[in-house]
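Residues per chain are reported as follows:
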Amino acid sequence: MADKQTFTLDGREIETAAGRSIMEAADEAGIYIPRLCTMKGQKTLGSCRVCTVLVNGRPQASCTQPATPGIVVESDTEALNEARRGIVEMLFVDGNHFCMFCEKSGDCELQALAYRLGIAAPQLPYRYPAGDVDATHPDILVDRNRCILCGRCVTASVAADGKHVFDFIGRGSDRRIGVDSRGRLADTDLTSADRAVEVCPVGAILRKRTAFATPVGRRAYDAGPIGSDIERKEARR
Amino acid sequence: MLVYHDSESLSAAHGGTAGGEQLPCGGRDMDTSIRKSAARACAHFHNDRTRLMDIVKEFHDEVGYLGDDAIDAVAEALSVHRVEVESMLSFYSFFSRSAKGKVVIRLCDDVIDRMNGVDAVADAFRRELGIEFGQTTEDGAISLEYTPCIGMSDQAPAALVNDEVVTYLSSDRVREIVATLRQTGNPRKLVHRLGDGNNAHDLVRSMVHNNVRRKGEVVFAEYAPNAGLAKALSMSPVEVINEVKTARLRGRGGAGFPAGMKWEFTRAAEGERKFVVCNSDEGEPGTFKDRVLLTEMPDRIFEGMTIAGYAIGASEGLLYLRGEYAYLHRLLADGIEKRRKAGLLGARVLGKDFSFDIRIAMGAGAYICGEETALISSLEGLSGLPKTRPPFPANKGYLGCPTVVNNVETLCVVPNILDRGAAWFAGIGAKNSSGTKLLSVAGDCARPGIYEYPFGVKISEILADAGAEDTRAVQVGGASGQMINASDFGRTISYEDLATGGSLMIFDSSRDLLSIVKTFMEFFVEENCGYCTPCRVGNRILLDLLERIMQGRGEEEDLGRLQRLGASVRLASRCGLGQTSPNPILSSLEKFRPVYERLLKKDPGALKASFDLAAAVADSESLAGRRSTVLS
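Heads up: the sequence lines are chains A and B, in that order. The opening position of the first sequence corresponds to residue 1 in our numbering, with each subsequent residue numbered one higher. The opening position of the second sequence corresponds to residue 1 in our numbering, with each subsequent residue numbered one higher.
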């Protein structure tokens with residue numbers, strides 16, 4: 001049997017295996033590193049930067065950085081926590097997120113992470129960007145006011161559905177999700193059964209006629225904060 | 001061709017089938033000539049999807065833009081999804097989705113141009129053309145746009161007129177320029193007096209000047225062409241790498257990574273096919289030294305690339321030339337062809353068992369493509385998005401193959417190192433910075449231009465040589481660099497002290513430093529790729545906060561906000577752009593804090609300083625049709 005390969009995370013020794021990212025190893029050990037854009041089972045873009053950690057003093061995204069034996073990783077530092085709160089606030093103020101009537105409320109990863117990080121209201125100034133809503137498709141709604149550009153839908157459409165319904169268009173602040181048609185979602189080959197419809201962490205891609213079906217109290221993050229499923233592993237040890 | 005009137009027939013027809021053949025949507029007929037032009041452009045590059053930049057440029061040069069029909073046609077010819085084509089197309093400033101004038105005037109509105117009167121020039125263009133920036137004349141002849149630094153800070157204000165560069169602009173010249181364009185529609189007719197050196201070459205014929213002010217002992221020293229290459233080919237590749245390592249050559253583009261180490265990693269990497277890439281995407285505001293190298297010593301650059309290829313085991317080289325330097329393309333292409341004929345490129349370089357050839361790839365107006373992995377993405381026909389690392393280009397770069405990406409100047413001095421030896425090179429310069437550095441100096445000085453100094457030169461010496469007087473601030477390293485004050489003028493240019501890719505901007509006491517910082521922040525907001533949150537949103541918010549302060553609505557806490565937000569953007573951004581974009585604000589806060597503090601409302605009264613009461617009631621006033629009593 002090979003010797004256990006380890007690295008340290010906030011002073012704790014964590015086991016690692018070949019090909020694992022720091023985040024995967026931390027998850028396995030029951031330590032939650034906050035994240036938004038990453039998704040189990042598919043390649044991550046590393047676009048949100050919420051999961052940034054220090055690796056031997058240098059900032060890296062823990063979702064894409066390999067857990068190499070011997071590295072010293074820090075996650076719970078003041079500067080990193082401040083950066084994470086800053087990023088979540090940026091996503092709120094650079095969109096139009098009306099939690100009070102959003103269909104995703106209670107199941108939304110952005111909302112849940114904001115609560116977990118202790119954000120009641122953003123300190124950064126709201127930008128009120130103009131986002132559009134595409135309701136042309138009979139079964140799926142796309143609301144770009146809520147999109148956090150995580151890229152999960154882009155990846156899932158290609159890797160899981162064998163299509164290419166979504167991709168990024170524009171540069172910088174103009175970057176947004178485009179669709180594989182002359183503009184209308186209805187003119188693409190997206191169907192309600194597509195994985196690309198499942199993976200959105202926020203209320204930007206929604207199945208029509210399913211809103212508010214789950215009662216308050218039984219939504220994903222009603223029982224416990226986001227990340228508690230990972231931390232429960234640790235408690236069981 | 002299938003016609004979809006409603007969503008029902010769409011789902012019936014497509015139930016379960018994966019994407020593949022692209023069908024035109026909405027029942028429209030594709031314009032046959034568009035289809036033909038698209039097919040031709042694609043076929044010219046063997047329908048190779050990785051050549052999309054070349055394909056789009058060729059179509060764009062012919063038709064002027066890519067509309068929906070063209071996007072569909074290109075996607076069909078390349079067997080990709082239309083959204084992939086649209087994705088790439090929408091990334092680059094020089095590619096257009098809608099018709100523009102046959103002539104596009106791109107006026108540079110960078111910091112140095114603003115200092116040299118670009119506002120008056122802009123007003124003159126507006127008057128003469130009768131349009132606003134971002135518009136096209138009614139006859140469809142001329143479009144007018146702003147563009148960031150085009151590498152002409154030493155002869156600002158400057159503009160691109162299609163591929164032609166027009167320098168030393170003034171409002172008087174604008175009248176003449178517009179008249180010529182209206183008469184002839186030909187930007188070439190704007191060139192009356194040719195510049196010096198190869199600017200007057202038949203294949204260039206440009207009014208650009210080199211403005212070489214100080215020749216140093218490496219780049220501009222006497223050199224026998226191909227002496228370094230001959231020497232390199234008489235050594236083993238490993239010996240060549242050791243020579244470059246011993247010389248302690250570090251990258252000259254700004255990042256300063258040890259070149260020998262980069263070559264060593266790439267040589268050691270697994271893979272049959274390897275690449276040498278010359279990063280000629282010089283885009284850091286105020287940097288124009290590579291422009292001069294590409295103009296005056298393209299052979300040296302090609303020679304350096306060839307030596308690099310020999311060292312790492314690559315037979316293919318790519319020179320990624322920024323779109324703004326298209327006026328040099330013919331000269332460079334001719335240089336490559338001449339080297340092929342002379343046996344310096346091609347199957348057996350200098351008769352040895354080593355083959356190497358070079359292709360030029362054009363950029364299309366995106367600063368981020370100067371970042372090496374974004375450059376590689378662009379070479380692959382994608383949007384210029386930086387790639388996730390690891391893996392690094394040395395292991396998986398262009399097309400997933402081991403790739404060395406080096407700056408123009410870095411490759412330019414490689415032949416010198418091989419010719420005169422590592423010890424000679426390492427003996428010049430400073431402790432951790434061997435050799436010389438080309439500086440592109442501009443701004444408030446009598447002699448803007450190119451200066452070659454050994455590393456370790458003091459700022460004060462540069463200011464004196466350039467004829468700078470009453471200097472208040474110097475921006476070292478472009479927009480992503482540092483703003484220093486007089487207390488720093490005894491410091492030196494070196495990797496360990498004040499590092500720069502070459503840009504050095506001088507500001508005297510008449511300049512409004514916050515306006516300069518604002519222009520730099522606007523640049524980053526315009527040029528960031530948008531991939532990661534902290535850079536995409538954070539830079540915009542930093543700019544918003546700065547503007548608020550400049551408008552007199554800044555709160556005491558805003559300086560702390562700028563500091564903390566800037567630190568977070570630096571810490572969490574995915575690539576070098578976001579890791580340095582807060583620098584204009586953070587460095588000016590450090591060195592010129594009073595400039596900020598002066599504008600803050602110390603005692604705002606009952607309301608927060610940042611609250612714009614007039615703006616808040618503006619909508620209500622217009623609805624009610626009267627002034628708000630709150631304002632009285």
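Watch out, some of these pointers could steer you wrong.
[Claimed, not checked] Distance condition first, Cα-Cα at most 30 Å in a straight line; then the derived DSSO-like pairs of lysine-lysine: (1) B:Lys387 with A:Lys43; (2) A:Lys40 with B:Lys387; (3) A:Lys4 with B:Lys396.
[As the list claims (entries may be wrong)] Which residues of chain A face chain B? A few of them, derived with a C-beta cut under 10 Å, are: (4) Gln123; (5) Leu124; (6) Arg127; (7) Arg175; (8) Phe212; (9) Val216.
These are calculated hints, taken from the structure and not from any lab test. Backbone N, C-alpha and C fix where the C-beta goes; we use that ideal spot for every residue, glycine too.
Against the structure, the hints:
no. : hint                  : result
1   : B:Lys387 with A:Lys43 : 13 Å, holds
2   : A:Lys40 with B:Lys387 : 20 Å, holds
3   : A:Lys4 with B:Lys396  : 29 Å, holds
4   : Gln123                : 8 Å, holds
5   : Leu124                : 6 Å, holds
6   : Arg127                : 7 Å, holds
7   : Arg175                : 3 Å, holds
8   : Phe212                : 24 Å, violated
9   : Val216                : 29 Å, violated
Violated hints, listed in ascending order, are 8, 9; each of the other numbered hints is respected by the structure.
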